[in-house]
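A.B. asks: Here's the letter readout for the chains.
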Amino acid sequence: MLVHSIFFYFFSVIAIFSSLMVITSRNTVNSVFFLILDFISVGCLFIMVGAEFLGMIILIVYVGAVAVLFLFVVMMLNVAEQKQSWFIGKKSTHIPTGLIVSVLILLELLVVVGGWKYKDSIMSSSTLELSNISNTHQLGLVMYTDYILYFQMAGVILLLSMIGAILLTFRQRKGVKKQSYFNQISRNPSSSIELQEVETNKGVKIDD
Amino acid sequence: MLNNLNILLPEIFLTLSIFSVLMIGVFIKESFNLIFNLSSAIILFTIAIILNSSNETEKIFLDSFTRDSFSNFFKILILIASLFVLNTSKVFIIDNKIGKFEYPIIILLSILGMFFMVSSNDIILFYLGLELQSLSLYILASIDRDNLRSSESGIKYFVLSALSSGLLLYGCSLLYGFTGSTNFDLIADQLIQDNTGAVFAMVFVLVGLAFKVSAVPFHMWTPDVYEGAPTSITSYFAVVPKVAGLAVLIKFMFIPFSNILSEWQLIIIFISIASMILGAVAAIIQKNIKRLLAYSSIGHVGYALAGVATGVISGYESSIIYISIYVVMNIGAFSCLYLLKKDGEYRENIADLSGLSKKQPLLAISFLIILFSLAGIPPLAGFFAKFYVFTAVIEQKMYALAIIGLLTTVISAFYYLRIIKIIYFDDSAISFDPVKNSVAKLSVLISCAILITFFLFPAILNNVVDALFIN
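Protein chains in written order, with numbering that gives the first Met the number 0: chain A, 0 to 207; chain B, 0 to 470.
Worth double-checking, as some hints may not be accurate.
[What the hints assert, rightly or not] Partial list, derived from the structure: chain A residues whose beta carbon lies under 8 angstroms from chain B: (1) M142; (2) D145; (3) L148; (4) Y149; (5) M152; (6) A153; (7) V155; (8) I156; (9) S160; (10) I162; (11) G163; (12) L166; (13) L167.
These are computed hints drawn from the structure, not numbers from a lab. Glycine residues also receive a C-beta, built at the ideal position from the N, C-alpha and C atoms.
Whole structure, please, built from the sequences with the hints as guidance.
C.D. replies: Structure below.
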């Protein structure tokens with residue numbers, strides 16, 4: 000139990016620290032790296048409470064795809080060294096708006112926590128049967144049997160979005176000369192060299 | 000479970016054939032024509048499969064997918080409408096150089112989405128179907144990607160529709176939270192007036208659905224998208240998703256929300272009245288036919304919703320009849336647009352129609368019939384559509400709704416008649432070139448024939464629709 004607590008506090012501290020660094024770091028690329036660290040530690044926390052599938056999904060989807068995509072965007076847009084004009088320099092209008100939004104979110108959180116803390120009926124109503132099968136196994140058992148229709152339809156939706164992305168953005172450039180290895184290798188002097196008599200003052204038309 | 004899989008046969012056939020034609024399109028160059036004809040054949044085959052399947056209610060996959068007469072009817076309506084919309088617009092597509100082989104494939108995918116929408120008996124399946132359909136429509140709206148207005152309409156539709164999908168999903172999650180199930184039947188048991196949270200969720204679901212059928216006050220996208228998208232896409236937008244949207248709306252009212260009639264009735268009445276009024280008033284000043292048809296479709300959705308607002312089966316039936324006749328009228332109206340070509344360009348301005356009767360009397364008389372029917376003038380089918388709806392409304396003693404509906408009918412008759420006046424009594428401005436689009440001519444002919452002769456055999460449609468709600 001002690002080891003469990005130690006690990007819990009270890010990951011939690013890292014998660015809180017890195018999420019703070021995400022918003023305070025001056026370098027945007029560093030921010031994204033801290034975001035990745037945050038995702039990883041949250042994923043570890045999920046694994047610790049027994050939701051190993053969720054933890055792995057966070058690792059694969061958020062770290063593997065989303066955060067790396069962020070990183071690419073940040074690097075391509077060249078906003079790495081953004082000036083932190085929020086706190087330094089001229090008066091900004093972001094802070095009051097931000098304060099209002101954060102107070103609202105805090106209130107919402109209080110409501111949520113309050114509702115959960117002082118309403119014991121929710122906790123007692125949970126009738127989940129715990130079994131020895133792991134989460135991933137259980138998901139696999141229903142994903143390909145009872146919920147196969149939803150699963151396949153999600154696949155069709157992804158296929159459609161792929162077709163749409165290609166249809167709306169793919170452009171065939173005209174007039175591009177591509178290298179053709181086979182044609183290059185199979186050339187021989189007789190097919191590629193042409194002898195011409197050059198008339199004076201007229202010249203020859205080379206290539207068109 | 001495997002032997003029950005034939006319940007899903009139309010969907011499985013459609014999916015597999017979409018994948019096959021996609022592969023054909025990828026590997027064969029310049030294959031628009033081939034894919035287009037194959038897609039029409041697929042639609043015909045799917046109609047045959049559905050006609051051959053039984054109409055008995057059967058459910059599969061934890062009761063999330065239903066096959067019954069209701070879903071079969073709407074599937075066939077969707078397929079026939081898509082078949083006409085696709086084939087009438089083929090010449091237009093090629094003329095406007097948007098003939099990419101993905102075009103019919105995306106249409107087929109949206110049909111697949113609508114199939115799942117009308118067959119769903121579960122929030123998750125419904126939402127997945129809706130997303131499949133909406134995603135196809137975003138792509139279709141911006142398919143003419145080098146045209147600024149087409150891209151604009153795609154972006155506009157995407158942003159607004161994604162927002163409404165978000166609201167809908169929020170409603171669905173609340174519905175799940177407060178009733179403890181995603182299944183329509185189980186939700187219906189739990190959804191009673193005391194369950195305030197679930198009633199709250201119902202409002203969000205209604206907002207999302209109203210957006211999808213473009214009912215006021217969630218109609219803002221309709222005129223811009225209709226005007227900006229290529230006409231072939233606009234005609235699809237105006238006809239097919241409306242059918243699926245209304246089917247799902249009726250399904251939601253009939254199954255999960257059946258116990259809270261008094262809660263949603265007022266909302267639907269408001270949406271219906273607002274759509275009827277806006278559809279009638281805003282269309283008066285329009286100069287573009289596509290924009291005018293957009294406002295007219297908003298108005299027509301209002302009338303169809305008036306039938307839903309009654310909350311009784313006869314009301315739902317009247318609104319199903321209404322939407323079926325609306326499909327016929329709109330296919331005819333858009334087919335006429337495909338025949339208005341001048342100097343290689345399709346004209347969309349109402350002023351261009353002036354004096355059409357002298358140059359092309361046949362086209363002019365078809366326009367006359369379709370517009371009279373849209374206005375609801377007897378003995379055309381449009382009149383009977385409105386007649387059934389208002390009969391159902393008056394039977395429920397909702398006189399205010401009926402009176403407002405009739406008044407807006409009169410107002411909207413003004414702008415339909417204005418077009419007829421321009422066609423018949425104004426001096427001719429331009430003479431249109433002859434268009435070689437025999438399918439469009441045929442479909443104008445068919446829809447006019449149906450609109451004129453409907454009053455002789457109204458029982459055919461009535462009997463079919465009457466059978467939908469017998470379980």
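A.B. asks: A separate judgement is required for each hint: does it hold in the structure or not?
C.D. replies: Results for each hint:
no.	hint	in the structure
1	M142	violated (12 angstroms)
2	D145	holds (5 angstroms)
3	L148	holds (5 angstroms)
4	Y149	holds (6 angstroms)
5	M152	holds (4 angstroms)
6	A153	holds (7 angstroms)
7	V155	holds (6 angstroms)
8	I156	holds (5 angstroms)
9	S160	holds (6 angstroms)
10	I162	holds (6 angstroms)
11	G163	holds (4 angstroms)
12	L166	holds (5 angstroms)
13	L167	holds (5 angstroms)
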